[in-house]
Structure formats: C-alpha cells, structure tokens
Amino acid sequence: MEIENRLKEIGIELPSPVKPVANYVTTVQTGNLVFTSGHGPVNVSGDLQTGQLGADMTVEEGYQSARLVGLGLISTLKDALGDLDRIKRVVKVVGFVNSTPAFLDHPKVINGVSDLLVEVFGDKGRHARSAVGMVQLPGGIPVEVEVIVEVED
Amino acid sequence: MEIENRLKEIGIELPSPVKPVANYVTTVQTGNLVFTSGHGPVNVSGDLQTGQLGADMTVEEGYQSARLVGLGLISTLKDALGDLDRIKRVVKVVGFVNSTPAFLDHPKVINGVSDLLVEVFGDKGRHARSAVGMVQLPGGIPVEVEVIVEVED
Amino acid sequence: MEIENRLKEIGIELPSPVKPVANYVTTVQTGNLVFTSGHGPVNVSGDLQTGQLGADMTVEEGYQSARLVGLGLISTLKDALGDLDRIKRVVKVVGFVNSTPAFLDHPKVINGVSDLLVEVFGDKGRHARSAVGMVQLPGGIPVEVEVIVEVED
Numbered sequence: 000m001e002i003e004n005r006l007k008e009i010g011i012e013l014p015s016p017v018k019p020v021a022n023y024v025t026t027v028q029t030g031n032l033v034f035t036s037g038h039g040p041v042n043v044s045g046d047l048q049t050g051q052l053g054a055d056m057t058v059e060e061g062y063q064s065a066r067l068v069g070l071g072l073i074s075t076l077k078d079a080l081g082d083l084d085r086i087k088r089v090v091k092v093v094g095f096v097n098s099t100p101a102f103l104d105h106p107k108v109i110n111g112v113s114d115l116l117v118e119v120f121g122d123k124g125r126h127a128r129s130a131v132g133m134v135q136l137p138g139g140i141p142v143e144v145e146v147i148v149e150v151e152d
Numbered sequence: 000m001e002i003e004n005r006l007k008e009i010g011i012e013l014p015s016p017v018k019p020v021a022n023y024v025t026t027v028q029t030g031n032l033v034f035t036s037g038h039g040p041v042n043v044s045g046d047l048q049t050g051q052l053g054a055d056m057t058v059e060e061g062y063q064s065a066r067l068v069g070l071g072l073i074s075t076l077k078d079a080l081g082d083l084d085r086i087k088r089v090v091k092v093v094g095f096v097n098s099t100p101a102f103l104d105h106p107k108v109i110n111g112v113s114d115l116l117v118e119v120f121g122d123k124g125r126h127a128r129s130a131v132g133m134v135q136l137p138g139g140i141p142v143e144v145e146v147i148v149e150v151e152d
Numbered sequence: 000m001e002i003e004n005r006l007k008e009i010g011i012e013l014p015s016p017v018k019p020v021a022n023y024v025t026t027v028q029t030g031n032l033v034f035t036s037g038h039g040p041v042n043v044s045g046d047l048q049t050g051q052l053g054a055d056m057t058v059e060e061g062y063q064s065a066r067l068v069g070l071g072l073i074s075t076l077k078d079a080l081g082d083l084d085r086i087k088r089v090v091k092v093v094g095f096v097n098s099t100p101a102f103l104d105h106p107k108v109i110n111g112v113s114d115l116l117v118e119v120f121g122d123k124g125r126h127a128r129s130a131v132g133m134v135q136l137p138g139g140i141p142v143e144v145e146v147i148v149e150v151e152d
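Chains as they are written, first to last, in numbering that gives the first Met the number 0: chain A, 0 to 152; chain B, 0 to 152; chain C, 0 to 152.
For the record, the hints were derived by calculation from the structure and aren't laboratory data. Yeah, the Cβ is synthetic: ideal placement off N, Cα and C, and Gly gets one too. Please note that the accuracy of each hint is not assured.
Said to hold, decoys possible - These stretches of chain A come out as covered by chain B in the derived footprint (C-beta under 8 Å, 3 or more residues):
1) 27 to 33
2) 105 to 113
3) 128 to 135
4) 138 to 146
Construct the complete structure from the given sequences, taking the supplied hints into account.
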C-alpha cells in the first residue's frame with residue numbers, strides 16, 4: 000500500500016472511478032500494459048468541467064483541470080488493478096487541450112497531470128508525453144488525457 | 000471462421016482493404032499487438048467521404064461515417080491477419096472527429112466504430128477509447144480512427 | 000553501426016537530443032517497445048520552428064519541418080538506445096499538423112517524417128501512421144510527431 004499511503008500523506012482523496020456510457024471500457028490490459036480511455040476533469044460534485052484555454056480559462060485553471068483529470072485516471076487505475084503498487088511505470092501520456100487558435104501553452108496545462116503523476120508515483124511516474132491543441136473536446140471539457148502504464152507480472 | 004460467420008449473419012460485407020500511397024503501411028505487428036494506421040471512411044464507390052461535424056454533417060451521419068471507418072479497419076485487419084478469429088481483444092481506439100469549434104458530440108460519432116466492434120467481436124470488441132475534435136482531417140474526411148488489437152500467439 | 004553509416008552516406012548530421020523541461024522524459028521503454036514524447040522541429044540554431052499550414056507555411060515547408068522533427072526523433076532514440084542498430088522496427092507514427100480549418104494536405108506534410116524513416120532504416124522504417132490537423136500546437140510549432148519503435152531484446 001505504498002502508493003495509497005503516499006496519497007494520504009500528500010492529502011489526496013481520489014474521486015470515484017468514472018463509468019463509460021457506451022460500448023467501450025475505461026481500461027484494457029494487454030500483456031503488461033494497461034491502456035486507459037481518454038478522461039476528462041470531473042469535479043467534486045461529479046460533473047465534468049467545461050472551458051477552453053485561450054478563451055474562458057487561464058493557464059493556471061487549465062493546470063488544475065489537468066490535475067483533476069490525473070486524479071480521475073489514478074482512480075480508474077486503482078479500480079482496474081486493485082492495488083496501485085502494481086504500477087511499475089507510467090509509460091505514456093497524451094494530453095489533448097481544448098484551445099483557441101491563439102493559445103500556445105499546452106505543455107503548461109498538461110504539466111498538471113505530469114506533476115501529479117511524479118508527486119504520487121515518484122520516478123516511476125515519469126513518462127513520455129505529447130501535448131496538443133484541439134479545436135474542441137467532448138461536452139466542452141478543457142482537457143482530455145489518456146495514459147499507458149506498465150504493471151508487474 | 001467464427002467472426003466471418005458473424006459478419007455474414009449480421010449482413011456485413013467488408014470493403015476492399017485500402018493501400019497507403021506513401022512510405023507507411025496499414026498495420027504493423029509487434030509482439031502480440033497490431034497497430035493500424037489512421038483510417039478514413041471509404042464509401043461503396045471506393046471514394047473517401049468528406050464532411051465536418053457541426054457544419055455539413057449531422058451526428059447520425061457522423062455515426063454512420065465512423066461505422067464505415069470501422070468496416071475499413073476490420074477489412075485491413077483481415078487482410079493483415081488472414082483470419083479475424085486471431086483477434087483476442089480490441090485494445091484501444093482513438094477517434095479523431097473533424098469538427099467546428101461549437102460541436103460537442105464527438106463520443107456519439109465515435110460510437111459508430113465502438114458499436115460495430117462490439118457487434119462483430121462481442122466482448123472481445125470492448126476497448127479503451129479516446130474521442131477528440133480536430134480542426135481538420137486529411138482530404139476533408141469527417142472521421143479518422145486508429146486501433147490497437149491484441150492477437151493470439 | 001549500420002544505421003550510423005547510412006546516416007553518413009546520405010549526409011545526415013543529427014541534432015543534439017532535446018531535454019524536457021518538466022516532469023516527463025523523452026522516451027520510456029517497456030518490454031521491447033520504446034515510446035517517445037511528441038517532438039517539434041528544432042532548427043540548426045537550436046530554436047523551435049513556428050508556423051501554420053494553410054496560413055504562413057507551404058506544404059513543402061511543412062514537409063521539411065516534419066523531416067526536421069524526424070531528425071530530432073532519431074537523435075533522441077540514439078541517445079536513449081546507444082546504438083540505432085538496436086531498432087528492429089518503427090511501429091507507429093502519429094503526426095499532428097498545426098493547420099487552418101481549410102488545410103487538407105496533412106499526409107503530404109507528415110511524409111517528411113515517413114520518407115526520412117524509410118531513407119534511414121529501410122524496410123524496418125515502414126510504420127503504421129496517423130496524420131491529423133490541430134487547431135494549434137505548443138509554442139506555435141507547425142508539426143509535432145510521436146513514435147513507437149520496437150527494439151531487439
């Protein structure tokens with residue numbers, strides 16, 4: 000329960016894992032890799048945040064939103080794996096940022112996920128990453144993130 | 000020929016597999032994973048559909064277009080694997096939707112692929128998924144989808 | 000040193016590998032797969048190119064920019080693997096093109112990466128690929144590319 004304890008130490012309470020409403024699932028494991036679905040930011044009341052970087056959301060708000068997405072991803076992984084200690088490495092993060100044509104700071108937004116992953120998983124949380132700008136995202140969410148993690152045999 | 004028989008049962012005829020016109024290929028297998036290239040919707044006359052969600056295409060038309068992309072992906076996988084029964088699991092789907100800044104229903108569009116995969120492959124067709132909005136796609140296609148599948152040893 | 004020799008033969012000098020400035024890394028290896036972060040085009044003076052297809056950059060300029068991204072990716076892989084001959088196959092390329100809503104030639108831009116990979120790695124360089132249009136990219140770069148390669152045991 001090393002990771003669970005670290006979450007408590009740093010005062011992080013995970014949200015409930017999301018449930019897809021269509022013919023897909025939140026994670027699929029193949030060999031030692033777990034692929035997650037794209038996740039959006041679910042706030043404390045269980046609603047999806049909306050907003051667009053460069054329009055009605057600042058970089059700092061986007062960062063916090065990306066951190067919220069990260070909490071949801073960790074919750075999903077806990078639900079799928081039973082024990083977060085089974086995660087050997089966060090392999091890949093793709094961060095899709097809902098942004099105006101003029102917005103250029105996608106990496107600063109996606110740092111909200113990256114910083115959380117390293118805070119929680121330490122060096123095992125360091126991942127390869129892409130951050131890109133989207134014309135729009137499902138339901139108007141500001142950030143969508145998918146991850147691939149490697150788990151113990 | 001379980002999957003082939005199911006395709007016949009539900010009245011699905013696969014289109015011819017597409018051929019890339021540049022220095023890439025439609026699939027690469029590494030270990031037990033097969034990665035496909037992004038596919039667009041090829042209609043019965045062999046032409047790529049064009050259109051944009053939120054502009055000249057309804058959600059239902061987008062859904063049908065995504066289903067068409069799915070048929071092309073299954074055709075490509077059959078061509079690569081010889082036998083679709085070799086597919087053990089559809090692992091991941093990324094659905095890129097050509098959309099205006101105001102369009103919000105990307106998931107309803109990409110359901111066209113997800114529903115087809117579950118219709119054809121059953122529970123093995125349930126996948127992790129991301130659906131995102133693109134400012135534009137190659138040649139003006141409305142939907143581009145890439146998949147990762149796990150195959151038997 | 001087969002690949003190193005080919006680089007010399009065709010007169011290619013690799014740029015210095017980039018260093019991430021946040022909580023992520025340029026590559027993560029899991030099993031036989033190496034996932035890279037998204038890379039942008041770094042020119043000879045070490046600066047990131049900026050531009051947008053359909054606005055201030057022609058298809059040919061975009062192609063050259065994508066080629067530059069490819070050189071950076073090869074440099075990163077060399078840095079991570081020590082020897083480029085360890086690459087058994089380029090598995091997957093995702094090419095994100097910064098484009099206006101009217102731009103349709105994303106594949107012709109991403110060919111700049113695909114052609115380079117086949118030029119350098121031969122048939123081992125042929126990959127599955129997606130090419131898509133982004134409303135904007137980090138810092139205003141015209142092209143961002145991520146790859147997955149399979150390496151020898």
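Here is how each hint holds up against the structure:
Counting residues of the stretch 27 to 33 of chain A whose CB falls under 8 Å from any CB of chain B gives 3; the rule of at least 3 is met. Counting residues of the stretch 105 to 113 of chain A whose CB lies closer than 8 Å to any CB of chain B gives 0, so the stated coverage by that chain is violated, three being the minimum. Remark: the stretch 128 to 135 of chain A is confirmed as covered by chain B, as 3 of its residues place a Cβ nearer than 8 Å to a Cβ of that chain, reaching the required three. Against chain B, the stretch 138 to 146 of chain A contributes 4 residues with a C-beta closer than 8 Å to a partner C-beta. That satisfies the three-residue criterion, and the hint holds.
Violated hint for the displayed structure: number 2, the only one.
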